[in-house]
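*Asks:* Here are the chains, one letter per residue:
Protein chains: 2
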Amino acid sequence: MNIYLECFSCFFKQIVETAKIAGASPETTRELLNELGKSIPSISMDITPTEVSPYVYGLIERYTGNTDIYKTLKKKSNQLALELYPNLEIDTAKSANPLLTSLRLAVAGNVIDYGVPSSFDIEKEIEECFHKEFTIFDFELLTTDIKKGKNILYILDNAGEIVFDMIFIKELLKLKKEIVCAVREKPIINDVTLEDAAYIGLDKIVKVISSGSPIPGTIPKKCSDEFQQYYHNADIVISKGQGNYETLSNEKRPIYFIFKAKCQVVARHVGCNLGDIILMRKN
Amino acid sequence: MNIYLECFSCFFKQIVETAKIAGASPETTRELLNELGKSIPSISMDITPTEVSPYVYGLIERYTGNTDIYKTLKKKSNQLALELYPNLEIDTAKSANPLLTSLRLAVAGNVIDYGVPSSFDIEKEIEECFHKEFTIFDFELLTTDIKKGKNILYILDNAGEIVFDMIFIKELLKLKKEIVCAVREKPIINDVTLEDAAYIGLDKIVKVISSGSPIPGTIPKKCSDEFQQYYHNADIVISKGQGNYETLSNEKRPIYFIFKAKCQVVARHVGCNLGDIILMRKN
Numbered sequence: 000m001n002i003y004l005e006c007f008s009c010f011f012k013q014i015v016e017t018a019k020i021a022g023a024s025p026e027t028t029r030e031l032l033n034e035l036g037k038s039i040p041s042i043s044m045d046i047t048p049t050e051v052s053p054y055v056y057g058l059i060e061r062y063t064g065n066t067d068i069y070k071t072l073k074k075k076s077n078q079l080a081l082e083l084y085p086n087l088e089i090d091t092a093k094s095a096n097p098l099l100t101s102l103r104l105a106v107a108g109n110v111i112d113y114g115v116p117s118s119f120d121i122e123k124e125i126e127e128c129f130h131k132e133f134t135i136f137d138f139e140l141l142t143t144d145i146k147k148g149k150n151i152l153y154i155l156d157n158a159g160e161i162v163f164d165m166i167f168i169k170e171l172l173k174l175k176k177e178i179v180c181a182v183r184e185k186p187i188i189n190d191v192t193l194e195d196a197a198y199i200g201l202d203k204i205v206k207v208i209s210s211g212s213p214i215p216g217t218i219p220k221k222c223s224d225e226f227q228q229y230y231h232n233a234d235i236v237i238s239k240g241q242g243n244y245e246t247l248s249n250e251k252r253p254i255y256f257i258f259k260a261k262c263q264v265v266a267r268h269v270g271c272n273l274g275d276i277i278l279m280r281k282n
Numbered sequence: 000m001n002i003y004l005e006c007f008s009c010f011f012k013q014i015v016e017t018a019k020i021a022g023a024s025p026e027t028t029r030e031l032l033n034e035l036g037k038s039i040p041s042i043s044m045d046i047t048p049t050e051v052s053p054y055v056y057g058l059i060e061r062y063t064g065n066t067d068i069y070k071t072l073k074k075k076s077n078q079l080a081l082e083l084y085p086n087l088e089i090d091t092a093k094s095a096n097p098l099l100t101s102l103r104l105a106v107a108g109n110v111i112d113y114g115v116p117s118s119f120d121i122e123k124e125i126e127e128c129f130h131k132e133f134t135i136f137d138f139e140l141l142t143t144d145i146k147k148g149k150n151i152l153y154i155l156d157n158a159g160e161i162v163f164d165m166i167f168i169k170e171l172l173k174l175k176k177e178i179v180c181a182v183r184e185k186p187i188i189n190d191v192t193l194e195d196a197a198y199i200g201l202d203k204i205v206k207v208i209s210s211g212s213p214i215p216g217t218i219p220k221k222c223s224d225e226f227q228q229y230y231h232n233a234d235i236v237i238s239k240g241q242g243n244y245e246t247l248s249n250e251k252r253p254i255y256f257i258f259k260a261k262c263q264v265v266a267r268h269v270g271c272n273l274g275d276i277i278l279m280r281k282n
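If you're matching them up, the sequences are chains A and B in order.
According to the working numbering, the residues represented by the first sequence are 0 to 282, in order.
According to the working numbering, the residues represented by the second sequence are 0 to 282, in order.
Think of the hints as simulated: they come from the structure by calculation, not from any bench.
Hints should not be assumed to be uniformly reliable.
What the hints assert, rightly or not - In silico DSS-like pairs for lysine-lysine, Cα to Cα no more than 30 Å straight-line: (1) B:K131 - A:K19; (2) A:K146 - A:K173; (3) B:K221 - A:K131; (4) A:K123 - B:K123; (5) A:K12 - B:K169; (6) A:K93 - A:K176; (7) A:K123 - B:K261.
Please read these numbers as outputs of a predicted model, since none were measured by experiment.
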């Protein structure tokens, strides 16, 4: 999915919100806005919005000297989710369909996203995701594919959210699946890295690799050889979040996308409304 | 109230939304975004956000050749409000406090605003404004001032909204006040001009003047001599909408501001929440 004209305003919003988190002064933030403004003509319409992120966040890093702006917030998100984890695992086990319950939790977790300008209330979100209808709900296709296949590549998204993914992943492990999880190469926004996966203990239950991706999304041909091997050989690929959707939605191989549509541009591309929850198999 | 860092993203949003209304192609809109981007460094932080509008909308006019982009939407807004008008006037007359009821309608009308990216439902808005508490409610001060004073300068805001203002103005006329209404010098966004005032028949019941303002707000010292005379001599000045608030909030003379806080930046300046309704005397 390529950049929409609407994305440009969002880049300016991201600069202001992220500069604030990075502790930049108003004067520095203003300089950042000027720099971004001057670069607008050179941003191609043939890339995904996600691919602009390293430039936007890189600019803030360069001006503030802060190379892991979301470190504290990521840790907080992971801790908050870990606190909720034991009860959510019990609720899942007690539910009529633990696989579906854990999938709903994985969607709920997707709201923890500092890259999309908005606030969130995770407990309210969990509650909502349990009662809300999926707008696109390819759950039957997914369960059929799970029955047939063995190897799953699970492309992770944000800190905090991965704790919820872990509940879903544990359900998939109960079905004797072999799962590899992919994270980003280095810190970008609140996306997960190997460090986050280790922090929540995900690496104790499945293999976790870096996709090699420096953007908050996944462009397979630009990823590491190891990632590409898993990507092409996996029976099932599960992609979490908008950044991965933006970059993987035009791929040739079948992919299951799980996310909440948090921006109008993505919602329009999907053909859903803002706030809708999606489990969609593409291709 | 000066520009906030958050305003810059809004300028880009306005370009995209307005270019669409003006019928610009995606390619032209992209060129507009590039032009705006390049101009960012030259936008001073010492002006009000409203003062950037002539540049933003002028850019769109220049690229599309359309010098009254909102003409059709303004006419629609006026027509829609005129359809609601007879019943609203009856409701007002029947109410316990017609002045307050008509004031609430004037606030409800303020939601008709194409300059603030959002959609609106006017009937829902009217309903809401009848039940919602004002966050700042200087109604007692206003009624005291009305008792004491005779001359009112009423600075209008948007098409459609002025029909609701007319109900409030008629209540003020019943109190034997002398009212002069001020509109913008020429079309800018959906702000009212002499043409709109004449279309709804406002000029039949009060004197309507152009403020001489080319921006969607009012900077008295840059307005016409006629406006400045009324402005300085009026016993009461009533200012509708955010654009007028942004430009008049630091003025020395007492002014009554009536509006709904439709953007975070204005809400922060006022010290209220987004969506709050305000009747505030400043100075």
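*Asks:* So, for every hint listed, does it hold in this structure?
*Replies:* Structure-based check of all given hints:
Distance restraint check for K131 of chain B and K19 of chain A: the Cα-Cα separation of roughly 33 Å exceeds the 30 Å cut-off, and the hinted pair is therefore not satisfied. Under the criterion of a C-alpha separation no larger than 30 Å, the hint pairing K146 of chain A with K173 of chain A is consistent with the structure, at around 12 Å. The suggested pairing of K221 of chain B with K131 of chain A is violated, with an alpha-carbon distance near 54 Å, which exceeds 30 Å. Distance check on the hinted pair: K123 of chain A and K123 of chain B sit about 26 Å apart at the alpha-carbon level, within 30 Å; holds.
In summary, the hint linking K12 of chain A to K169 of chain B is not supported, as the alpha carbons are separated by about 43 Å, beyond the 30 Å threshold. For the hint pairing K93 of chain A with K176 of chain A, the CA-to-CA distance comes to about 21 Å; that is within 30 Å, so the pair holds. The suggested pairing of K123 of chain A with K261 of chain B holds, with an alpha-carbon distance near 25 Å, which does not exceed 30 Å.
Hint check: violations occur at hints 1, 3, 5; the rest are consistent with the structure.
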